[in-house]
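S.K.: We have chain B already, so just place chain L on it with the hints.
One line per chain: the protein sequences are B and L, in this order.
If you read the first sequence in our numbering, its first letter stands for residue 1, the second for the next number, and so on.
If you read the second sequence in our numbering, its first letter stands for residue 1, the second for the next number, and so on.
Which copy? The list can't say, so a pair holds if one copy fits it or any two copies do.
Below 30 angstroms or equal to it, Euclidean Cα-Cα: the simulated DSBU-like pairs (lysine-lysine) are:
hint, residue 1, residue 2
1, Lys-435, Lys-264
2, Lys-29, Lys-119
3, Lys-298, Lys-264
4, Lys-298, Lys-199
5, Lys-148, Lys-29
6, Lys-435, Lys-414
By construction, these hints were calculated from the structure, which means they are not laboratory data.
Protein chains: 2
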Amino acid sequence: MAVGKISEGSVYYDKPSKINNFLSRKRMKPIKVGLLGLGTVGYGAFRVLARNQEEIQRRAGRCIDVTKVAVRNVERAGKLVDGVCEVTDNPLNVVMDPEIDIVVETIGGDDPTLELVLKAIDNGKHVVTANKALLAVHGNEIFTAARKANVMVAFEAAVAGGIPIIKALREGLTANRIQWIAGIINGTTNFILSEMREKGLDFDVALQDAQRLGYAEADPTFDIEGVDAAHKATIMSAIAFGVPVQFNKAYVEGISKLSSIDIKYAEELGYRIKLLGITRRTDIGIELRVHPTLILAKRLIANVEGVMNAVLVHGDAVGATMYYGKGAGAEPTASAVIADIVDITRLHTADQENRVPYLAFQHDALSSMPVLPIEQIRTSYYLRLRVADQTGVLAEITRILANQNISIDALLQKESREGEPQTDIIILTHETQEKFINSAISCIEALDTVFSQVTRIRMETLS
Amino acid sequence: MAVGKISEGSVYYDKPSKINNFLSRKRMKPIKVGLLGLGTVGYGAFRVLARNQEEIQRRAGRCIDVTKVAVRNVERAGKLVDGVCEVTDNPLNVVMDPEIDIVVETIGGDDPTLELVLKAIDNGKHVVTANKALLAVHGNEIFTAARKANVMVAFEAAVAGGIPIIKALREGLTANRIQWIAGIINGTTNFILSEMREKGLDFDVALQDAQRLGYAEADPTFDIEGVDAAHKATIMSAIAFGVPVQFNKAYVEGISKLSSIDIKYAEELGYRIKLLGITRRTDIGIELRVHPTLILAKRLIANVEGVMNAVLVHGDAVGATMYYGKGAGAEPTASAVIADIVDITRLHTADQENRVPYLAFQHDALSSMPVLPIEQIRTSYYLRLRVADQTGVLAEITRILANQNISIDALLQKESREGEPQTDIIILTHETQEKFINSAISCIEALDTVFSQVTRIRMETLS
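Just chain B, with the same shape it has in the complex:
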């Protein structure tokens, strides 16, 4: 039996003739791919397709050729693709090219991306995109157009980068009634939270570290304010529950106002604070929310640190499953984009009705379960109060909570510093509805023994 060094990509076969005749067989024509954009994601996909072409072809059964790339800077792109494919500065040359089977959109944003994606679809191209913002906002329009044109739209890279979470939700867990999903789906904020906890840094300092290391953009708003995570949670929510994408209904709260003292107190109580994208099915509708969340430190997902992502999915049959990996970066994202390309080469000959539906559920079987306003969600809470260090204060506060039928799970009163008339009280509540906690907080803040605002952070048991 032939044995060979395979680290350079050369592989030996029982009969060497086999692989040659396999690689050269003309039986199946190559799949032609056009790239829109050659930035981090676009060039990452181009590079990985080139490096692993033999391995990918041995799986897909046919050659995947990038035949055309549309970019702003033709000269720079020309150097990168080095004559392997045509380079144009006009994206229409890609989306209208009759030779191209699959258009891969890596431009980002929605202008002119939406228009280009719709044009590609109208021209009968299958589309692969990593653009969560586009799908979370314009997904329904795009999927409707794609169904009419009988083409596929794949977007594994749009959520959690290289982790095949869309495939797991859409195909791996089809047997399940999915009950909830909770994910660390933004690496920038997870890195900042890890830094704040491990080094006791304040948010601003940790953010600067993240920017210096290239984990946060010059304008980090989309990441730190939770918008990026909400785009991803919106897409997972639609696929999990068979509802349209409805980003405008999502509750979005970032980490920019999070204070390091709360991370410290949470740790003292055995918890870690993570920015979670959460979507849950309830009797009255769907919860769809992104916010800092206390999680028991012993939970596996609480130990996902740095820029890593992880998504916890709970189905009625399978129970809890978790998917962990890199949520961003050129090659992890490329890994997801290429998986979509291979999926399309596999499914494009199947009847449309037998393909995987865009949102996991058949277009005419979507549910109209409403997304609940945040006041109607149910969870437990961490409250931090600055109070006068005198008798009776705690009695007043607990009475207010009792009046709202909020029961206390744990309470931590910090010793006031030498000669200080004020002290911190931390309260962990049992599950209640957000509107009750809101009323309780406003009553508590009205007490003249309570100073400054009450800090409120949501908690999840994830069990």
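M.R.: Frame of chain B, contents of chain L only:
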């Protein structure tokens, strides 16, 4: 917009007519499923299909009907299926039934299972099985027959139960040159190891706990000796590297000889011991091995406790990804079986060449990279020696290791107990080849200052 209680499975739609006309549409004929066996897995699949049929149909686009079940005890099965489908005591009535599209094998073992599966294939049935033993040993024969008959064979449930790891390896990571896989893929042994560590129990006691709780069988040999894990590792190895299944080449070592003192010493050094199924691509061949393994306690996978499973996969583009969930049980396994059934309904109209290959790689593009004998694998080691508490002993031992070019990463010498002339020495080595450690150990055991055998446990950095 209609809002409704959905916990009982009733879902509301924008136009109630929609769902009715969707559920009742005759356009797509139901997929007919025949079950071989109605035990834990078989009845689990039957139950979940019934409970979630509406949700599953909204995804699959068509009805999935179990039309026939073959069992030993017809009376018992009759009560379970309660008239929903036909019950027979002759499996041939299922595999030969011209009406049936998919045969789901849940009998286990290989006699008469292999014969039945091949008969079903010859009769043009697609096959779904959870039978890792069957596939790890007879997989090549089964897949060859299936290709000739132009049918699919799906086996998500064969590895890590409800975790969609086969789908991740075969489809989610197609862009990657997979470098290695390391998995906790046997819940029984992971439960026993957790008990031994958390409660300081000896193996025999922990095994009895597992048996009392139903996590270990009356004859636990297959689990505790690593055979079950090796079946699963063999299947993952084939899919990851595009090689035939070759269980007979796997190195298999269980946990029955593991002593609680080593778990204790490992913890003192910052490690945990897990039974890992490992397969790795090297320049000279493939490593395929199952054995107790020291892992740094801070690694996420080291914190997977109890009966839970987790598989860590390293690809060149995506980096490390991990998949976590329940590896056994009626409904988690059913979740995987049903996902396979839905996949088949989606792909059965695609050209065979465009379907997902049985082993992830096209049949004519498999590699003949050899599986390496254990002496040729490279890893690092934990060694425990019982030595005379006198000067010079350590010098002799370190000289022997140096002679084999084995460098020491850490060394722990325990204080000998009051008046005891012997003491324990624990050595952690850097990476070396197994044959060098073997020579070193035999030299060390020959020293008259070393008592009893040297305990050797392999270590993995998983980075």
